[in-house]
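Order-wise, the sequence lines are chains A and B.
Just so you know, we're using this note's numbering here: the first sequence kicks off at 2 and counts up by one.
Just so you know, we're using this note's numbering here: the second sequence kicks off at 808 and counts up by one.
Worth flagging that the hints you see were computed from the coordinates, not collected in a lab.
For clarity, every value in this text was computed on a predicted model and none was experimentally measured.
Quick list of in silico lysine-lysine cross-link-like pairs, BS3-like style, CA-CA up to 27 Å:
id	chain 1	residue 1	chain 2	residue 2
1	A	Lys-162	A	Lys-180
2	B	Lys-952	B	Lys-967
3	B	Lys-1025	B	Lys-952
4	B	Lys-967	A	Lys-180
5	B	Lys-967	B	Lys-990
6	B	Lys-967	A	Lys-47
7	B	Lys-967	A	Lys-162
Now the in silico label distances, taken between C-beta atoms and shown as ranges:
id	chain 1	residue 1	chain 2	residue 2	range
8	A	Ala-19	B	Arg-857	35 to 45 Å
9	B	Gly-821	A	Tyr-205	42 to 52 Å
10	A	Arg-139	B	Glu-929	40 to 50 Å
11	A	Arg-52	B	Arg-944	47 to 57 Å
12	A	Leu-210	B	Gln-989	37 to 47 Å
13	A	Gln-122	B	Gly-820	47 to 57 Å
Glycine included, every Cβ here is placed at the ideal spot set by N, Cα and C.
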Amino acid sequence: MNYIWNFEDVFNNWYALAIGAAGTVRLFVVCLVLGMGLGLIIALGKRSRNRPIRWLSTAFVEFFRNTPVLVQILWFYYALPIIVPIEIDPFLAAILGISLNSAAYSAEIFRGGIQSIEPGQWEAARAIGMNSVQTLYRVILPQAIRRIVPALTNRGVEIFKMTTLASVVAYVELLQQGKLIASLSFNPLEVYTVIAAIFLIILYPIVRLTYALERHLARSD
Amino acid sequence: MYEWDFSPVLAEGGFLLVGFRNTLILTGTALSGGLVVGLLLAFARLSEKRWLNVPAGVVIEVFRTTPPLVQLFWFYFGLPIVLNVEMTPFLAASLTFMIQSGAFFAEIFRAGIVSIERGQWEAAHAIGMTYNQCMRRIVLPQAVKRMFPSMMERSIELMKTTTLVATVSYADLLFQANELAQKTFRPLEVFTVVALIYFVSISFISFIASRMERRFAKSGEFTP
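In isolation and in its complexed conformation, chain A is listed as follows (with noise of 0.2 Å):
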């Protein structure tokens, strides 16, 4: 128990950090992006009148959300460049892994969202005059989107976190990096608990916001 704890060498490379965190951030804001629009479309393809977009976007739905993410990544890793003529590199590997489970998960968020809204909203803008595409961007998801802010700010945070998993395909992100200052410096003790603290310092404001926004809209609604 009398190990003397020596963030020397964690400190010494925090360039190899920072280039980590860097590419952290990149796949965040891709995988982001993608997960929450590709989300909002699948929702509202889960909402469609067409028998065959309605019944893909649950089967979409279903796969990724009953799936384990990281089986996700290295399917499109190893696999998908078998059957179509592409390169398939980390990166890529992680941005399609990460971001199509993201979109199952928030497509139920939006979909919750869009159903919590009651049905007179749509009436109403009906009896003015609006077609449905109208009263959905004008009407429903302003008032859904702001209902599901903390659970898609949740989501967020759970994309964040899943950045690591790239760390599997070797794609150069935060974990990547620790991994590889642990195995130089002989230190994975002192570099893991600086990389949990990263995550934490980043994350955790994030969080308490979350719980603030959730007190807020409980108290408004």
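Starting from the known structure of chain A, arrange chain B on it as the hints suggest.
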């Protein structure tokens, strides 16, 4: 055009089955431990004693806001250095996922307990029950029914999270798949089959869960 050929994968089916068994063992261990850890953390957090609720809050928040893969590496590569013990992949993974899912379960338990009306506590006090009796006999049985859907969701999340142990070489389903893909040079078929195994088993569990939820709802004891 690529020609799919599942026969090498099916010939080695037993290899994947071993992995699937290990996945179930790890999920079961982490789940039963996680429920206990979660209940203890929830009680500690609800306690009025500061030396109990502050540390419980810290554990819950730290494990909820850091990535599980970082936690696993910390327990597997870091912890043995401080404790001077030998760490096996299974032990590291069970510990990590017990505490990690425990942190999430704790919040579910806490929300469930808090959701029970104050009147129930007061009524139990009035007929002379102590805090512990009231918690065990009155509050928890009602809270558990309300918590059931989120508990099932968390358990399924846990099963999916166990795939991370493949990175520290525990022979779970994903690890076995990786080995088999290298052995047979058929990554497409292997990973597709493994994705399907996860899909079918997880869909089955959520199907059972939703059936049970409906049963609770019908029995009238379930108030959302």
